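A.B. asks: Heads up: the sequence lines are chains X and L, in that order. Under our numbering, the residue at position 150 of the first sequence is numbered 150, and the numbers go up by one with no gaps. Under our numbering, the residue at position 66 of the second sequence is numbered 66, and the numbers go up by one with no gaps.
Keep in mind that the hints were calculated from the coordinates and are not lab data. It should be emphasised that the depicted structure is a prediction, and the values quoted were computed from it without experimental measurement. One or more of the hints may lead you astray.
Quick list of the computed label-pair ranges, beta carbon to beta carbon [unchecked claim]: (1) S157/X <-> I151/L: 54 to 60 Å; (2) L127/L <-> D114/X: 48 to 54 Å; (3) T53/L <-> P154/X: 22 to 28 Å; (4) I132/L <-> S28/X: 30 to 36 Å; (5) V98/L <-> Y35/X: 20 to 26 Å; (6) R102/L <-> S115/X: 24 to 30 Å; (7) N145/X <-> I132/L: 37 to 43 Å; (8) G149/L <-> V141/X: 36 to 42 Å; (9) G87/L <-> T65/X: 34 to 40 Å; (10) E140/X <-> A51/L: 42 to 48 Å; (11) P154/X <-> G149/L: 47 to 53 Å; (12) V98/L <-> R104/X: 50 to 56 Å.
The beta carbon of each residue, even a glycine, is placed where N, CA and C say it ideally should be.
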Amino acid sequence: MKAIDLIKQIFLLLSAALVLALGVNAVSPRGIPWYGQWDEAQGVVTADQAVLQPTLDFEIPDASTAQRLHASGQVLFIDSRTAADFREGHIPGAVSLPVGEFDRQIEALQTRYDSTHPIVTYCSGRSCQDSHILAQRLFEVGFENVSVFIDGYPGWSGEGYPVETE
Amino acid sequence: MKPNEAFGRLAWIELLLRWSVGLAFVLASLHKVAHPADFAQIVYSYQLFPAYTINLIAIVMPFVELVTGLALLAGVYPRAAASIVNGLLVTFMFIIAVNLMRGHDFDCGCFPTFISRLYTDSPTNMLIRNTILLACSLPVMLYRRRRRGVIFSTAGS
């Protein structure tokens, strides 16, 4: 077999993959845009900013603002990371509500807190979207006053603010 | 190769290796094909690619795996498919090695989350798995005799 034939066949297979990939991505409801937001300086990173759009207006962009809200004692902080991460360390007084546990745990939260209670969600910083997804789910079940602390636990502990472990 | 050349004694082994690698690639691609946004996050976590390439890699790469895996299973241009697979495996191993050297932890994105939860794959395990796959797909690429189970091929391919 000549090298040129092999190159042609490789080109054919790769072309088929490319056409299939772009075609499926264009029609799939799970398709993503060709370019995502991958600059942490610009905010939380995501393949598809449209998914986070409803909560982008409710972001708390820095740890000092989050700390002021925390110091007021009026705001419930909700940790959307895994229970294991929560046990290792979390913002003092925060409650754990991993996104994957939302359906199981939301009722308990709704019975304890009024829908107007101010809430701040957080996760592992700008490389994770769980705090945005959690905020969106909270809006959907009726909570009206939800913000997202985008620098999350690393941003909080990195500023030297106190943390709590279990 | 002559058209009526008999199958060599190694033809069954070539078929077994080709199907094994093909199946591994198809299975590894399915979750990524179905969840490109999750895979993009994993590509981002490699911290190796320019930002503008991440989504495109996440869209196209799973289909390269799927198409080459299916080509190996079905026997469509098997030598070309094995060449692509080898190129991908060497690239994956380079990415894993770079991240291993700089102590960067990441998810290989090879398996669905529920499987990943059963065992967290270390970069060393990923390197071992890729080495085994490479050891299977190299002979498929280099095999020159008549192959079994081929539906679309040219002489010697």
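A.B. asks: Decide, hint by hint, whether the structure agrees.
C.D. replies: These are the hints, each one checked on the structure:
The supplied range of 54 to 60 Å is met by S157/X and I151/L, whose beta-carbon atoms lie about 58 Å from each other. Between L127/L and D114/X the Cβ separation comes to about 53 Å, which falls inside the hinted range of 48 to 54 Å. Hint check: T53/L to P154/X, Cβ distance near 26 Å, so the stated range 22 to 28 Å holds. Our hint of 30 to 36 Å for I132/L and S28/X holds, since their Cβ atoms are close to 32 Å apart.
The given range of 20 to 26 Å is respected by V98/L and Y35/X, whose C-beta atoms sit roughly 24 Å from each other. Roughly 47 Å separates the CB atoms of R102/L and S115/X, a value that falls outside the hinted 24 to 30 Å. The given range of 37 to 43 Å is broken by N145/X and I132/L, whose C-beta atoms sit roughly 54 Å from each other. Taken as a hint, the range 36 to 42 Å is violated for the pair G149/L and V141/X, whose Cβ atoms sit roughly 54 Å apart.
Between G87/L and T65/X the Cβ separation comes to about 48 Å, which falls outside the hinted range of 34 to 40 Å. Taken as a hint, the range 42 to 48 Å is violated for the pair E140/X and A51/L, whose Cβ atoms sit roughly 30 Å apart. For P154/X and G149/L, the hinted distance range of 47 to 53 Å is satisfied, since their beta carbons lie about 52 Å from each other. A hinted range of 50 to 56 Å for the beta carbons of V98/L and R104/X is inconsistent with their spacing of about 40 Å.
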